[in-house]
Amino acid sequence: DAGVTQSPTHLIKTRGQQVTLRCSPKSGHDTVSWYQQALGQGPQFIFQYYEEEERQRGNFPDRFSGHQFPNYSSELNVNALLLGDSALYLCASSRNYRPGDIQYFGAGTRLSVL
Amino acid sequence: AQKITQTQPGMFVQEKEAVTLDCTYDTSDQSYGLFWYKQPSSGEMIFLIYQGSYDEQNATEGRYSLNFQKARKSANLVISASQLGDSAMYFCAMRETTGGFKTIFGAGTRLFVKA
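If you read the sequences in order, they're chains A and B. Sequential numbering of the first sequence, starting at 31, is according to the numbering used here. Sequential numbering of the second sequence, starting at 675, is according to the numbering used here.
Worth flagging that the hints you see were computed from the coordinates, not collected in a lab. Because the structure is a prediction, the values reported are computed rather than measured. Glycine included, C-beta positions come from ideal geometry on N, C-alpha and C. Some clues are possibly wrong.
Computed, partial: chain A to chain B, Cβ under 7 Å [what the hints assert, rightly or not]:
id : residue
1  : L69
2  : P73
3  : R85
Label pairs and their calculated CB-CB ranges [claimed, not checked]:
id : chain 1 : residue 1 : chain 2 : residue 2 : range
4  : A       : N107      : B       : S754      : 25 to 33 Å
5  : A       : Q47       : B       : E691      : 43 to 51 Å
6  : A       : R45       : B       : Q688      : 40 to 48 Å
7  : A       : N101      : B       : A745      : 25 to 33 Å
8  : A       : R93       : B       : S702      : 27 to 35 Å
9  : A       : G46       : B       : R746      : 45 to 53 Å
10 : B       : R737      : A       : I132      : 17 to 25 Å
11 : A       : R125      : B       : S702      : 24 to 32 Å
No more than 25 Å apart at the CA atoms, straight line, and that leaves these computed lysine to any residue pairs for SDA-like [claimed, not checked]:
id : chain 1 : residue 1 : chain 2 : residue 2
12 : B       : K747      : B       : E730
13 : B       : K744      : B       : T772
14 : B       : K690      : B       : E730
15 : B       : K744      : A       : I132
16 : B       : K677      : A       : D131
17 : B       : K690      : B       : A755
18 : A       : K43       : A       : A137
19 : B       : K690      : B       : G736
20 : B       : K677      : A       : N89
21 : B       : K677      : A       : I132
22 : B       : K744      : B       : S702
23 : B       : K677      : A       : G88
24 : B       : K788      : B       : N750
25 : B       : K677      : A       : P91
26 : B       : K677      : B       : Q731
27 : B       : K677      : A       : L69
28 : B       : K677      : A       : F94
29 : B       : K744      : B       : F721
30 : B       : K747      : A       : R85
31 : B       : K677      : A       : R85
32 : B       : K747      : B       : A692
33 : B       : K677      : B       : A745
34 : B       : K677      : B       : A755
35 : B       : K677      : A       : R87
36 : B       : K677      : A       : Q86
37 : A       : K43       : B       : S716
38 : B       : K677      : A       : L118
39 : B       : K677      : A       : Y134
40 : B       : K747      : B       : Q682
Required output: the full structure, derived from the provided sequences and hints.
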């Protein structure tokens, strides 16, 4: 049973560019959340997708957008990259999203913006 | 507002000994879930243990137990019989029922297990 998979594992971009990160949820999971983890900090919630719609959003600008596909996989897009966007981007999946449902995380995509 | 506080940036423990990692939280909700995750240097967040706010007994999962003190709003993780492979970052997290769907994380505690 495959867990949460993310691609690519590493990415180097320059300021102003655009990036797309991808996530495949764990089998049986229909809800995908994205987090940004800056060096030395805890993950920060970006947004969550359920039934192909953004269900909740954290305190991130509109440069951060996403999409969920009918097979529950998801993409995170970041436009007009800034140096401060350099971070580990984590995808987590769960079954719908009741308080006790466990989120399982992928290994992340490490984005470096130069 | 939701908040998770982990006051120990780093902790050292001798192999085979027990260690407690502290976590306090702030919420006005009556219904919420508390989680602990382990993050090795590889980056993946590994789920360890869950405690619901209405659970009367402390959660246990193998060598992990959660010391839940609701009145004090604390949810400390206890790792028994530490192993070298336990060296990692540990994050406490919380999800409220009425706060939507986001989970908030603390700043983490880095645990070093000494041989």
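- Tell me, in ascending order, the numbers of any earlier hints that this structure violates. Checked against the structure, the hints that fail are numbers 1, 4, 7, 14, 30 and 34, while the rest are satisfied.
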